[in-house]
Amino acid sequence: DPINTSVFFKIKLEDPYQYTNFNGETHEIKETIETEIELTGNAKGRCGGTLARPASVECALSVLEMEVEQINKGKYKHYMQKEIHEQPESLTTTMRGRLIRGGACKSKTVLLGGLKDHLKTIRRSRRIVFVGCGTSYNAALASRPIVEELSGVPVTMEVANDLVDRQGPIYREDTAVFVSQSGETADTLQALDYALENGALCVGITNTVGSALARKTHCGEHINAGCEIGVASTKASNWHFASTSQIVVMAMLALAVGGDMTSNEASREAIIDGLLDLPSKVKEVLKLDEEMKDLAELLINEQSLLVFGRGYNYATALEGALKVKEVALMHSEGILAGEMKHGPLALVDHKLPIVVIVTRDACFSYKQQSVIQQLHARKGRLIVMCTKGDSASVSVGGSCRVIEFPYVEDCLEPVLITMKSLQALQLLAYHLTVLGGHNVDQPRNLAKSVTTQ
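Quick note: the sequence shown uses full-length UniProt numbering, first residue 1, plus one each step.
Derived from the structure by calculation, the hints contain no laboratory data.
Careful, some of the hints might be misleading.
To be verified - List time: in silico BS3-like cross-link candidates among lysine-lysine, alpha-carbon distance up to 30 Å:
#, residue 1, residue 2
1, K367, K379
2, K77, K283
3, K379, K341
4, K283, K388
5, K351, K325
6, K388, K351
Model, not experiment: these values are computed from the prediction.
Go ahead and model the full structure; you've got the sequences and the hints to work with.
Quick look at the structure:
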């Protein structure tokens, strides 16, 4: 009502600042204050502005609900080592209350409370766009195949800063999924603002309750991987640091989005069973700790390391190389095995150590073995990670070092091997760092959360 109305606005005024009321009168403010402006209407429709005394600032207190053991090293020497070994427990926490086995007469289901009101919109999307940086990007890349398979929606990948720099196309019909362990990554938040401006549905996946990402997205899910102290991210997505649990959350997202597809019902239920059994299977990899320490002793004096992967394992190669870079301060590079002939093959000689991740998938019979044979023909110094029982077919004449993972007949075998090989590479990075005398939990020049662009 413009005849007799008073409206208060809280604003922050910074020096120098000029305030002009609706009558055209200009007033200069010479100090920084938080204040209230009262706009009052009169019968002639004119408004006048008045300054009130500074408003008080109310601070909210948040109580951290965690046990002391969660922030102590306990029996471990470093936080990174502790977080690697805690991955099975963090996976269990991530899935608790979200995956329901059902009974004899009930089907297995996925309950994602943060997404349930938006699942229909996601199903109608023209595409799902994963956006992240570093480990979070790699985790999204690893989960892309299973999301495409279960949801039936095309999936594209974007590095957050690159999306903003080139002003890449984001449409109202898109679902943009932002992945960040801390929820405060500056590049990811800037990309989120860009997607919001373009009208896309924005979904957040983060390990931090109350973070900027959790507040600004339309919906999302918390990873619930527990507290991470070490800078190198491993738990949040359970890639020792934020990778594994992130992958599991995105797999659950795919199950929820594809829940209305009856043709995938048998596959969905098998995947739910596989996810629920995942912690016990991942725990087996921790038995390789001593073997990875021995391997680290052989590589400690090397200057560079290449990691080849294909399919699901390309993301593993990227993440494993990133961990070696981050904490061991050794140059390492994750390479898509299919691109080997387009340049990287020129680097191969008898001195350069090369890790090749080989798993039983659609590429195993010919493509992956072909990569090993070509590297061996150039006298490459090979370290092959494979499924138990495959060493004879991947080790040409017993000329390379083989690290075997137990084989499990499981519909999630590609994802499982991805996690196992990632854990092994995390252990390798950890032991390389310790043997090199570097700070494991606070890598040189790095911060836990990248809050600057």
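Okay, the hints, checked on the actual structure:
no.: 1; hint: K367 <-> K379; in the structure: holds (19 Å)
no.: 2; hint: K77 <-> K283; in the structure: holds (19 Å)
no.: 3; hint: K379 <-> K341; in the structure: holds (15 Å)
no.: 4; hint: K283 <-> K388; in the structure: holds (16 Å)
no.: 5; hint: K351 <-> K325; in the structure: holds (19 Å)
no.: 6; hint: K388 <-> K351; in the structure: holds (27 Å)
Hint violations for this structure: none, all hints satisfied.
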